[in-house]
Amino acid sequence: MKSTDIDRNGSESSPQPTAPAVDRRLSVAPMLDWTDRHDRFFLRLLSRHTLLYTEMVPAQALVYGDPAQSLAHSPAEHPLALQLAGSDPELLDRAVRIAAPHGFCEINLNVGCPSERVSKGRFGACLMAEPELVAECVSAMQAAAGPIPVTVKHRIGIDHLDSWEHLTGFVATLERAGVRTLIVHARKAWLKGLSPKENRSVPPLRHDVVHRLKREFPGLEIILNGGITDLAQAREHLCAPWGDEGLPAVDGIMIGRAAYETPGILAGADRQIFGSNARPDPSPHAVVRALVPYAQAMVEAGEPVHHLTRHILGLFHGCPGARAWRRLLSTEGPKPGTGADILLEALSRVPEDTACPPPGEPAKREQ
Numbered sequence: 001m002k003s004t005d006i007d008r009n010g011s012e013s014s015p016q017p018t019a020p021a022v023d024r025r026l027s028v029a030p031m032l033d034w035t036d037r038h039d040r041f042f043l044r045l046l047s048r049h050t051l052l053y054t055e056m057v058p059a060q061a062l063v064y065g066d067p068a069q070s071l072a073h074s075p076a077e078h079p080l081a082l083q084l085a086g087s088d089p090e091l092l093d094r095a096v097r098i099a100a101p102h103g104f105c106e107i108n109l110n111v112g113c114p115s116e117r118v119s120k121g122r123f124g125a126c127l128m129a130e131p132e133l134v135a136e137c138v139s140a141m142q143a144a145a146g147p148i149p150v151t152v153k154h155r156i157g158i159d160h161l162d163s164w165e166h167l168t169g170f171v172a173t174l175e176r177a178g179v180r181t182l183i184v185h186a187r188k189a190w191l192k193g194l195s196p197k198e199n200r201s202v203p204p205l206r207h208d209v210v211h212r213l214k215r216e217f218p219g220l221e222i223i224l225n226g227g228i229t230d231l232a233q234a235r236e237h238l239c240a241p242w243g244d245e246g247l248p249a250v251d252g253i254m255i256g257r258a259a260y261e262t263p264g265i266l267a268g269a270d271r272q273i274f275g276s277n278a279r280p281d282p283s284p285h286a287v288v289r290a291l292v293p294y295a296q297a298m299v300e301a302g303e304p305v306h307h308l309t310r311h312i313l314g315l316f317h318g319c320p321g322a323r324a325w326r327r328l329l330s331t332e333g334p335k336p337g338t339g340a341d342i343l344l345e346a347l348s349r350v351p352e353d354t355a356c357p358p359p360g361e362p363a364k365r366e367q
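Following the UniProt record's numbering, the residues of the sequence shown are numbered contiguously, the last one being 367.
No wet-lab data here; the hints were simulated from the structure.
The reader is advised that the hints may include incorrect statements.
[To be verified] Derived DEER-like restraints, expressed as beta-carbon distance ranges:
1) G337 to Q69: 19 to 29 Å
2) T331 to F274: 29 to 39 Å
3) D353 to D208: 38 to 48 Å
4) R215 to G65: 41 to 51 Å
5) W164 to P334: 26 to 36 Å
6) W164 to E352: 47 to 57 Å
7) A240 to W164: 15 to 25 Å
8) Y64 to E300: 28 to 38 Å
9) E352 to L133: 49 to 59 Å
10) P293 to R122: 35 to 45 Å
11) L161 to D66: 33 to 43 Å
12) D230 to S276: 11 to 21 Å
13) P147 to D230: 29 to 39 Å
Cβ coordinates follow ideal geometry from the N, Cα and C atoms, glycine included.
Build out the structure end to end from the sequences listed, making use of the hints.
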C-alpha cells in the first residue's frame, strides 16, 4: 500500500453537531502521557476503526483552565472518546457542556485510576467505594452530554471492597443511573501500598469476572480491559462460549500498554476485528511515510519532532532493524533542530521487504 493511501489530515478540529456512532469492539485505553494527540494521529494510520481515547482530563482543567488545549485534536483521530476525571457532579456537568460541541463520540468517567495523587483529589478508582456518588456524577454528565453516550471505566474492586456482591452492586447502581456501557479493568486496585505501575501487574487478572458480569447484566455493553496483548487474544474474548464455564462473550476489548509498546498489532484490526476489507493492512513503512508531512507541520509550528517520534519506537518490534530504528529516534529525535527527515533516515535502517511476524509468532532476532 502506498503512503498516499493514508489520510494525512492533521488540521485542528471543528465543532460537530452530533456524535458519530460508536463501535467498541476494539479500543485503545486512555493512558496518561502516552495517548496524546500525536500518538492518536499515528495510531489512526494503523487502524481506521479502532476507538481511541484522550488522556485523562480532570474536569477542573476544562472549567478553570484552557479547554482549547485540553480538547485539541484533529478530525483524522476520529472516532475519538474523551475521558474525564472528577467527583463533583456540578463540575462534571460544566466540563461536559464545554466538551460536547467538539465532536467526541463518547465521554467516559474515570473510576479506575489507582494513583494516590488522583485518589487525594477524590477521583479515579477510590470512587468505587461511593457508587451513589458515581451515579450522581454520571446523571449530571448525561444531562449535559445530550446524544453523546456517557460511559464508565472501573476496576473489579479496590482494597478489601473486592467481593462479587460489591462489584455487582456497583454495576447495578450505574445501570439504574442510565449507564449502558462499562469498561472493566479485570484487576482490583490497591489504593495504598502499590504504585500505579504495580497496580497494572501485581493484582491478578480476572478475565472471568468480566465475562460473568456480562452474564449477570446482559443488557449492558461490557468492554474488557487488562492483559490483552494481541488481536488473537482479543478475538477469543469476543467469541462465546468463553472459558470452562461457557460464559458469554464480552462486547469489546480495550488494549492498553501493548498498543503503545507494540503498536503494529493494530495494523490488522480493521480486517480481523471489524471485518473490513476496504484496504489492505497498512505496512509499517507506509505508516512512517505518511507521518512525514505531519512531522514537518509540527516542526514548522515550532513543536519538537520528538513529541511524535517518542510514540513510534515500538512500530517495528520483532523486525530486523528494529534496534537501529529505535536507537536513532531515541538519540537524535530529542535533539534541538531535528527535522522531519529523521523519520526517513530511521526508516532506512529497516529493510523495505521485511515482514514483521504476525501476532503470536516469535519475533526474529533484532539487528
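Now for the hints, and whether the structure bears them out:
no.	hint	result
1	G337 to Q69: 19 to 29 Å	holds, 25 Å
2	T331 to F274: 29 to 39 Å	holds, 37 Å
3	D353 to D208: 38 to 48 Å	holds, 43 Å
4	R215 to G65: 41 to 51 Å	holds, 42 Å
5	W164 to P334: 26 to 36 Å	violated, 48 Å
6	W164 to E352: 47 to 57 Å	holds, 53 Å
7	A240 to W164: 15 to 25 Å	holds, 21 Å
8	Y64 to E300: 28 to 38 Å	holds, 32 Å
9	E352 to L133: 49 to 59 Å	holds, 55 Å
10	P293 to R122: 35 to 45 Å	holds, 43 Å
11	L161 to D66: 33 to 43 Å	holds, 36 Å
12	D230 to S276: 11 to 21 Å	holds, 19 Å
13	P147 to D230: 29 to 39 Å	holds, 34 Å
Hint 5 alone, counting from the list given before, is not met by this structure.
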